[in-house]
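With the hints as extra help, turn the sequences into a complete structure.
The listed protein sequences correspond, in order, to chains S and H.
Straight run, no breaks: the first sequence in our numbering ends on number 171.
Straight run, no breaks: the second sequence in our numbering ends on number 372.
In case anyone wonders, no lab produced these hints; they're calculated from the structure.
Just so it is clear, the structure is predicted and the values come from calculations on it, not from any experiment.
Glycine included, each C-beta is placed from N, C-alpha and C at the ideal position.
Warning: the hint list may mix true and false statements.
Over the 10 Å line for every Cβ pair with chain S, so calculated as not near, a few chain H residues [stated by the list, open to error]:
#1 Asn213
#2 Gly275
#3 Leu368
Covered by chain H, according to a simulated footprint, are these stretches of chain S (three or more residues, beta-carbon under 8 Å) [unchecked claim]:
#4 13 to 19
#5 23 to 30
#6 33 to 42
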Amino acid sequence: MSHLPPFETVVADHGAVVLRVCRAVLGPVDAEDAWSETFLAALRAFPSLRPDSDVRAWLVTIAHRKAIDGYRARKRAPLPVESLPHEPSAVDAHEPIDDRLLAAVDALPDKQRHVVAYRYLADLSYAAIAEIVGGSAEAARRSAADGIATLRRSYAQNSYAQNSHAQKESR
Amino acid sequence: MTLHDFPAADRAVLDRAVLDRLHARLVDAAAAEGSLDVSYRNLDSPVGRLLVAATPAGLVRLAFANESEDEVLATLAARVSPRVLRAPGRFDDVASELDDYFAGRRRSFDLPLDLRLAQGFRRDVLAALPGIAYGTTASYKAVATSTGRPGAVRAVGTACATNPLPIFIPCHRVVRSDGSMGGYRGGPAAKQTLLELEAAP
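Structure, rendered in structure tokens:
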């Protein structure tokens, strides 16, 4: 019978991906709290996880619930100026590439933003994403396609600046 | 200063720093609410790199560099709990006592021990070992006799070889009746270093 690994390996293997997902879904201000809540909840529940589970999908499921909870809490609280949604037109082509992309992702409707993050940052299958956000795998795929189409329009407005950034900053 | 002030090449480093900070925060929150079952850290020592692990009840495992760290942690996850996190900040007293021991300033440890990884007769043997004074040795046969089972010499050897807390429980002070050193979980060189340290005036 197989055993669960030490939780430390879960943090080491998936911590960076979950941070990126939290940033994309919630923005940089709330991402760190969401990460902390996600991994603390995961640690609590870890002993009852089935050893053959998809750990990344499990973590993203927890992060998704935390993000929804956080979103509801923020809707009740006064909205800080910094978290006003960015307009796609406000994306600055001279900002570093990650920030322009994050701003464009931030401007997506909730469902598309979640699905794009879970597909392209967490690399989850559409079947796994459908279990997290509800609906069918096909609907998740369409949401991702719609989201990517919007990102192409808002993010690629200045392809010259984008390319020069991409060359300078590729690792 | 914001993220915008840094070029992309530095971002991975920044992310690493953020993740390190979040990891430390996770350890603190988990320990505070009681959901951290096993914490561990590495320590450098005159007998090489050590791994020490603890439960809320006390130190549960010390491993030398001759054991695979992954296997030691996997065994802790399977036998104690998978809620295992690296928590270097939770071993200051252990590091300090080990430093004192290796510097010859300390002859016994004042740390709670969790012996759950040793059972039955092996545990009885481990309980008898602190009776062997610092700077002295006892034979496997003498230890067997002291546990009331003089014939169990091989079982004493097994108990020492599987001691989950070497150094803290001084199995290195158990030697062969002919005076030769015998085996050691951390390898013969580590045993020799410990015996020489304790024999120093």
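Review point. So which of those numbered hints doesn't the model satisfy?
Key: 5
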